[in-house]
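Undergrad: The chain contents come next:
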Amino acid sequence: MMFLLPMLIAAAPLAEPPVEAPAPAQTEAPVDWDKEFGVVRKERDPVTGEIPVDPYVQGDANAGARPYSGDGLARAFGGQAGIRRITDRALELSEADPRIKAIFEEHDMVRLRRTLFEQVCYLLNAGCTYTGRDMKTAHKGLGTTRADLNALVENLQRAMREARVSFAAQNRLLAKLAPMDRDVTER
Amino acid sequence: MRKSLVRLAVACSMGTLISSTPAAARDLVSFDSGKLILTNGITTIEGSGGGGLATWATISGMGTNRAFGVSAHVTGVELPDFRLDTHGIAIGIRDRVELAYARQNFNTRQVGAALGLGRGFQFNQDILSAKVRLAGDLVYGPAWLPQVSIGVEHKRSLDAAIVRAVGARSSAGTDFTVSATKLFLGASVLANATVRVTKANQFGLLGFGGDKHGAGSAGRSVQFEGSLAYMLSRRLVVGGEWRTRPDNLGIAREDDAKDLFAAWAVTRNVTVTAAYVDVGSVATFAGQRGGLLSLQVAY
Numbered sequence: 001m002m003f004l005l006p007m008l009i010a011a012a013p014l015a016e017p018p019v020e021a022p023a024p025a026q027t028e029a030p031v032d033w034d035k036e037f038g039v040v041r042k043e044r045d046p047v048t049g050e051i052p053v054d055p056y057v058q059g060d061a062n063a064g065a066r067p068y069s070g071d072g073l074a075r076a077f078g079g080q081a082g083i084r085r086i087t088d089r090a091l092e093l094s095e096a097d098p099r100i101k102a103i104f105e106e107h108d109m110v111r112l113r114r115t116l117f118e119q120v121c122y123l124l125n126a127g128c129t130y131t132g133r134d135m136k137t138a139h140k141g142l143g144t145t146r147a148d149l150n151a152l153v154e155n156l157q158r159a160m161r162e163a164r165v166s167f168a169a170q171n172r173l174l175a176k177l178a179p180m181d182r183d184v185t186e187r
Numbered sequence: 001m002r003k004s005l006v007r008l009a010v011a012c013s014m015g016t017l018i019s020s021t022p023a024a025a026r027d028l029v030s031f032d033s034g035k036l037i038l039t040n041g042i043t044t045i046e047g048s049g050g051g052g053l054a055t056w057a058t059i060s061g062m063g064t065n066r067a068f069g070v071s072a073h074v075t076g077v078e079l080p081d082f083r084l085d086t087h088g089i090a091i092g093i094r095d096r097v098e099l100a101y102a103r104q105n106f107n108t109r110q111v112g113a114a115l116g117l118g119r120g121f122q123f124n125q126d127i128l129s130a131k132v133r134l135a136g137d138l139v140y141g142p143a144w145l146p147q148v149s150i151g152v153e154h155k156r157s158l159d160a161a162i163v164r165a166v167g168a169r170s171s172a173g174t175d176f177t178v179s180a181t182k183l184f185l186g187a188s189v190l191a192n193a194t195v196r197v198t199k200a201n202q203f204g205l206l207g208f209g210g211d212k213h214g215a216g217s218a219g220r221s222v223q224f225e226g227s228l229a230y231m232l233s234r235r236l237v238v239g240g241e242w243r244t245r246p247d248n249l250g251i252a253r254e255d256d257a258k259d260l261f262a263a264w265a266v267t268r269n270v271t272v273t274a275a276y277v278d279v280g281s282v283a284t285f286a287g288q289r290g291g292l293l294s295l296q297v298a299y
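Protein chains in written order, with this note's numbering: chain R, 1 to 187; chain G, 1 to 299.
Derived by calculation from the structure, the hints in this document are not laboratory data. Worth double-checking, as some hints may not be accurate.
Computed spacing ranges between beta-carbons, pair by pair [claimed, not checked]: (1) G:Gly291 to R:Val110: 51 to 59 Å; (2) R:Glu36 to G:Tyr101: 57 to 65 Å; (3) G:Arg94 to R:Ala61: 29 to 37 Å; (4) R:Gly78 to G:Ser281: 50 to 58 Å; (5) G:Leu128 to R:Pro55: 57 to 65 Å; (6) R:Arg66 to G:Gly291: 42 to 50 Å.
Think of the CB as a built atom: it goes at the ideal place given N, C-alpha and C, for glycine as much as any other residue.
Bound conformation, chain R alone (with noise of 0.2 Å):
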């Protein structure tokens, strides 16, 4: 067996020879990380499959927009079903859209379907009330830029495009989202 020594040295890594950790003294119960860092995982709701927010008051105000009056534009996107076809159509094409879709990534996308459902849906006077946050609540600590708005609306514009809304129906609602940017964007 000794012919194999010099084989064994030769085959050895030319660095250093490792040094032996010492083995870590196994006294302590491993750590909690989450507890350490102050993680809360939040569980989503059994039955809506949504993630709990911190509690806030509902309303219609949260909406950000006060909304139209008579059944002319709930008509143009095809009522609530209409409505629901466009607001996740936007969503998906969000979540799949290279320049925004890092923001959906994090986000509690069974929540926000339902929200920005309720929210066209309210504006439009389409018969919803909002009962999501208010839009600064909704976008804290998004990080989200002018150009990504810009990017959204145009996903929302396609979905509407291809739901067959007219062009100008189209910009009535934008005319209801437009002065929110100030809430939902950071500068």
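Model the placement of chain G on the given structure of chain R, informed by the hints.
TA: The following block gives chain G in isolation, referenced to the frame of chain R:
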């Protein structure tokens, strides 16, 4: 051990360098082409961002408030007795500041011969302009608050002796503008109003100031530019413009300029504009009505 530590440190700093380079570049100069389609406007015949005739409060280029934008244009205006060609470039800085250069070449064709300048004589002019957005936004913010900008356009005629001979006081002049522009989404209407303080005769092509208002008059007057446009689709807008102009020269009356235009965004970066233009009387030749065609490329 020490060698591998050094290697690790080098690797780390390389990684930092590589990853920090794009971040630094993003902070200084970057192009996001992030404006909504058509909301960058087109380019006026004086090189500033706006309609075809009226300067708007918009900042040229497709860059948003965290980026740069750049645009270039060529425009031709075909009139019964004249032809105007302009080209230029503009830079938009964080949707806040616009810096632009434009060159105007004004061909007098047969009129040149009639005026004794020679057939096809060209008046040429350089225009350097700057614009700053003071408040508001074309699309966003409160509906009652338009985008408001102030601008300065410095114009230099390259035919000093001739423009003086026709009666102009100076071959160079500076216009000052205040513009308010808003896209009223609820009505799909864009409206612009601009006040311009100017001495320019025929946009400056025939010099600045004149002999009409007496020797003591500075020749500076306050003029108005209005634009009203309707968005037919995301890519197509039609509208009209009206621009009042001074009338400084004794030998030739000057009229208001008007246009009816259609601007089409072929892609998000290319806009083609066609217009019917009426500039009235030019150098004693009345009824100068014709067509304008403009191409703008913007990033």
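Undergrad: It remains to establish, for every hint, whether it holds in the given structure.
TA: Structure-based check of each hint:
1. G:Gly291 to R:Val110: 51 to 59 Å: Since Gly291 of chain G and Val110 of chain R have Cβ atoms about 56 Å apart, the given range 51 to 59 Å holds.
2. R:Glu36 to G:Tyr101: 57 to 65 Å: Holds, since Glu36 of chain R and Tyr101 of chain G (Cβ atoms, about 60 Å apart) stay within the stated range.
3. G:Arg94 to R:Ala61: 29 to 37 Å: Given range 29 to 37 Å: holds, Cβ gap about 33 Å.
4. R:Gly78 to G:Ser281: 50 to 58 Å: holds, 55 Å
5. G:Leu128 to R:Pro55: 57 to 65 Å: holds, 58 Å
6. R:Arg66 to G:Gly291: 42 to 50 Å: holds, 45 Å
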